[in-house]
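Asks: Numbering (the UniProt record's numbering), first residue to last: 1 to 163.
Worth flagging that the hints you see were computed from the coordinates, not collected in a lab. A hint or two may mislead.
[Claimed, not checked] Distance ranges between label pairs, derived from CB positions: (1) His57 with Cys95: 17 to 23 Å; (2) Asp23 with Gln109: 19 to 25 Å; (3) Pro99 with Asn39: 32 to 38 Å; (4) Thr27 with Glu79: 15 to 21 Å.
[Unchecked claim] In silico lysine-lysine, PhoX-like type, Cα no more than 25 Å apart, as pairs: (5) Lys64 with Lys48; (6) Lys89 with Lys15; (7) Lys38 with Lys15.
Nothing here was measured: the structure is a model prediction, and the numbers come from that model. Heads up, the beta-carbon is just placed ideally off N, CA and C, and yes, glycines get one too.
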Amino acid sequence: AVPALTGCSPPGQDKKAVLCRQDWHQTGSQVVVTLYAKNPLPALSSVKANRTVLEAHVIFEGNKIFQAELELWGTIDVERSFVSMVPAKVEITLCKASPGSWARLELPQSKLQSCGDPEKEAASTEEPRAVQDEDSDDSLSWSEEEDEEELEMGTPDLITPSN
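Let's have the full structure, built from the sequences with the hints guiding it.
Replies: Shown next as structure tokens:
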């Protein structure tokens with residue numbers, strides 16, 4: 001059996017942390033982040049954001065979990081941003097606070113990590129070997145961030161901010 005991941009699973013449920021393939025594209029007014037995850041479970045998943053940080057916590061078929069956080073290159077309008085979950089992917093549409101082109105999705109110092117035991121991750125100074133060579137513009141990262149407006153899913157295709 002796969003051990004439970006502290007801070008990532010409800011008590012008594014085993015989840016397997018995984019890396020999901022992700023991509024992003026933009027228009028003048030929006031940035032769309034796509035996580036490719038087979039059969040995401042909207043009732044158990046969440047997306048949180050403030051103007052400069054996006055956090056995705058996605059649970060999908062087979063008790064798999066993907067959790068990541070990224071510091072955005074630009075600022076977003078949280079109230080107008082939304083999430084769409086379909087069987088093959090999770091699409092996070094971020095409305096830019098001001099129109100224009102972003103050079104990258106996230107700030108350069110960000111790093112990608114899958115969800116695990118937060119205490120072990122904090123104590124570890126070595127990155128997972130699979131991620132060390134990855135330095136793409138569309139990678140998601142995990143970091144600590146306070147003062148987030150949480151976006152809870154009301155339906156599988158819409159999230160709304162809460163205070």
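Asks: For each hint, tell me whether it holds in the structure or not.
Replies: To see whether the hints hold, each was checked on the structure:
no.: 1; hint: His57 with Cys95: 17 to 23 Å; verdict: holds (21 Å)
no.: 2; hint: Asp23 with Gln109: 19 to 25 Å; verdict: holds (21 Å)
no.: 3; hint: Pro99 with Asn39: 32 to 38 Å; verdict: holds (35 Å)
no.: 4; hint: Thr27 with Glu79: 15 to 21 Å; verdict: holds (18 Å)
no.: 5; hint: Lys64 with Lys48; verdict: holds (19 Å)
no.: 6; hint: Lys89 with Lys15; verdict: holds (19 Å)
no.: 7; hint: Lys38 with Lys15; verdict: holds (15 Å)
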